[in-house]
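Enquirer: Chains A and B supply the protein sequences, listed in that same order. Under the numbering used here, the first residue of the first sequence carries the number 1, and numbering increases by one thereafter. Under the numbering used here, the first residue of the second sequence carries the number 1, and numbering increases by one thereafter.
Just so you know, the hints here were simulated from the structure itself, not pulled from any lab data. Be aware that one or more of the hints could be misleading.
[Unchecked claim] Sample of chain A residues facing chain B (criterion: CB under 7 Å; computed from the structure):
1) His90
2) Asp91
3) Glu139
4) Glu187
5) Arg231
6) Glu233
7) Asp258
As the structure is a prediction and not an experimental result, all values here were calculated from the model. Even for Gly, the Cβ is constructed at its ideal location relative to N, Cα and C.
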Amino acid sequence: SGFHKDVSLKPDLPSQLYLSKHQQFLLSYAKNQSSYEYVMSEWLRASGVYWCLTALKLLHCDELKSDDIEEFVLSCYHPASGGFGASPNHDPHLLYTLSSVQILALIDRLDVLDREKVISFVTGLQQPDGSFFGDEWGEVDTRFTFCAFATLSLLGSLQSCNVNAGVNFVLQCRNFDGAFGCVPGSESHAGQVFCCVGALSIAQKLDRLDCDQLGWWLCERQLPSGGLNGRPEKLPDVCYSWWVLASLKIIGRAHWLDKDKLVKFILASQDEETGGFADRPGDMVDPFHTLFGLAGLSLLGDSHIAKVNPVLCLPQSLVDSLGVKLDMVS
Amino acid sequence: YQRRVRGVKLAMSDSDGMLYSEREDWHDVTPIPLPCGDVVQIMYSEKFKDVYSYMAAIMDKKEYSTRAFELTTDAIDLNAANYTVWHYRREILRHLKLDLAAEVAFTDAVIEEQPKNYQVWHHRRCLIEMSGDSSKELELTAATLRKDAKNYHAWDHRQWAVSTHGLWSGELEFVEQLLQEDLRNNSAWNHRYYVVTNTDGWSKEVILRELEYAVSYITRAPNNESPWNYATGMIKGNGYSFLDFKVFVEMCEDLYERNVRSPFGMKVLAEIHEAKGDYSKAIETYEQLKESPSVRNVYWDYKVRNIRELMSS
Chain A
1 SGFHKDVSLK PDLPSQLYLS KHQQFLLSYA KNQSSYEYVM SEWLRASGVY
51 WCLTALKLLH CDELKSDDIE EFVLSCYHPA SGGFGASPNH DPHLLYTLSS
101 VQILALIDRL DVLDREKVIS FVTGLQQPDG SFFGDEWGEV DTRFTFCAFA
151 TLSLLGSLQS CNVNAGVNFV LQCRNFDGAF GCVPGSESHA GQVFCCVGAL
201 SIAQKLDRLD CDQLGWWLCE RQLPSGGLNG RPEKLPDVCY SWWVLASLKI
251 IGRAHWLDKD KLVKFILASQ DEETGGFADR PGDMVDPFHT LFGLAGLSLL
301 GDSHIAKVNP VLCLPQSLVD SLGVKLDMVS
Chain B
1 YQRRVRGVKL AMSDSDGMLY SEREDWHDVT PIPLPCGDVV QIMYSEKFKD
51 VYSYMAAIMD KKEYSTRAFE LTTDAIDLNA ANYTVWHYRR EILRHLKLDL
101 AAEVAFTDAV IEEQPKNYQV WHHRRCLIEM SGDSSKELEL TAATLRKDAK
151 NYHAWDHRQW AVSTHGLWSG ELEFVEQLLQ EDLRNNSAWN HRYYVVTNTD
201 GWSKEVILRE LEYAVSYITR APNNESPWNY ATGMIKGNGY SFLDFKVFVE
251 MCEDLYERNV RSPFGMKVLA EIHEAKGDYS KAIETYEQLK ESPSVRNVYW
301 DYKVRNIREL MSS
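The task is simple: from the sequences and hints, build the whole structure.
Expert: Right under this line is the structure:
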């Protein structure tokens, strides 16, 4: 039906799931601290640890030492503000605060936090129009709304912020096509859609969505190759197996996608020698795409991978044990 | 060797590649080595370790000096995603009251090299907020979009500049220019919607005008998602139904008659049939869509089921 940007899948691409290779890839990535990638990714390290750790947990692997992880996370903490940076000596930011809280939840060490202080960091970033700054420098983006709501809900304290104002800002970012951008008026993008839908799920306000209209926009992301893109006329990318699929799952329309073709695309994006997933077949693998490839397969029902929660991208068992309330359309 | 882009120095290293640890004017500073665990650090460059160990020392002692500013240039050159270094650079700019115009030129050069870097775009915005001078932002974003017409940062920055500084005139022409180059550019369609919303607003006359615009592009490329979303979004988003706009309905029927079976057009037709109560025709349209193998077939089945439920209730 006339898609102009897509990839074509060559016949000899991976078609089975290389679970133990992925485990090896993730473990060696986490442990190889002298690699170029490790050093250059210092500015997002907390998120990198979250990606590796969550992916390993989904693979039922507990090899990384919780004490080391806890030590790393706490070294990113800024007691004066209550926020976490990406690495030691990096300024606190909402992105890395969420990653840090997710990591501590994964290793069951949330009790090491000064909860009230962390909560105050998050709520202190909310603006009168309901939006959230990422940090004191004032960037606004619906990603930060999701980070704020998710952090607070993991700490059992969503109502510490002005949830209604936050929801209203998210709705301001809804576009004519029914999808969402980063600020009011900015182009609809699947990553931002996930953040907005996730935020509305946490706030228990999914009824504010037109799920049919949004669901159609989301399933339009699927290309003939089976892969998903992030906005019209862009190439497919494995990470959208998460952003798009999780959003559809939350609004109860995941079955609108062609599941078999999507699975085929995700599997084809593996590297069967090194393990890991890339953005698309043949490209270089990394932990980010590995997490979202595995999480996407989990949402698609692969029984080898632990069940993942589509809002918080954490094992469902963990979310259940924390008792976090999330809205889902069945 | 001093790396320059657009005449702007992007790396401050001396011509003989002297490390900071070798420079006399830095002897008073004790570098703080990078925290890298027990593993021996041999894989990355001497220069990177040198610059960043001095950067750590300077930030630790909170020195806001000219030499610290130059050091941040090198640090950014080695890793422009390091947001903490950008923050520190802004602090120095404030403390020393440095020339913002020169800094704006610096961001031009970094954006040219790394147009998808979040930190430089945010830095640019902070600078323009400080100076209040928005005169270069349209050209900056236009230049970036000439190389990649869908760069999300550039569009976001352009929308911010346009709305903050009232730079609306010329924006519809800008969109038109981009659509002439690529009528599938979804970002341009989005920008058009944004501009109309904030200027003319969506009166029925404006909707008619914009529908004709969208229709002209749809007929040229009926499988192009963006103008379909634009058209259906403006109609429904402003409380109307497809039946209120003959030009749109006729276009859809005409495409169908001419056997141009765009899924977007047929979806609209099916919804029009349903709105008129022609349920069997709606179902027939969805069934026709399912004739070609497509990833959408599950969705068409869902629509058929919905209509059957309507028919039986």
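Enquirer: Confirm or reject each hint.
Expert: The hints, checked one at a time:
1. The interface hint given for His90 of chain A is met, as the beta carbon of that residue sits about 5 Å from the closest beta carbon of chain B, less than 7 Å.
2. Checking Asp91 of chain A against chain B: minimum C-beta separation of about 5 Å stays under 7 Å; hint holds.
3. For Glu139 of chain A, the interface hint holds, the least distance from its beta-carbon to any beta-carbon of chain B being 5 Å, beneath 7 Å.
4. Given hint, Glu187 of chain A at the interface with chain B, holds; its Cβ is 4 Å from that chain's nearest Cβ, closer than 7 Å.
5. Interface restraint check for Arg231 of chain A: the shortest CB-CB distance to chain B comes to about 6 Å, inside 7 Å, so the restraint holds.
6. For Glu233 of chain A, the interface hint holds, the least distance from its beta-carbon to any beta-carbon of chain B being 5 Å, beneath 7 Å.
7. For Asp258 of chain A, the interface hint holds, since its Cβ comes within 7 Å of a Cβ in chain B; the closest pair sits about 4 Å apart.
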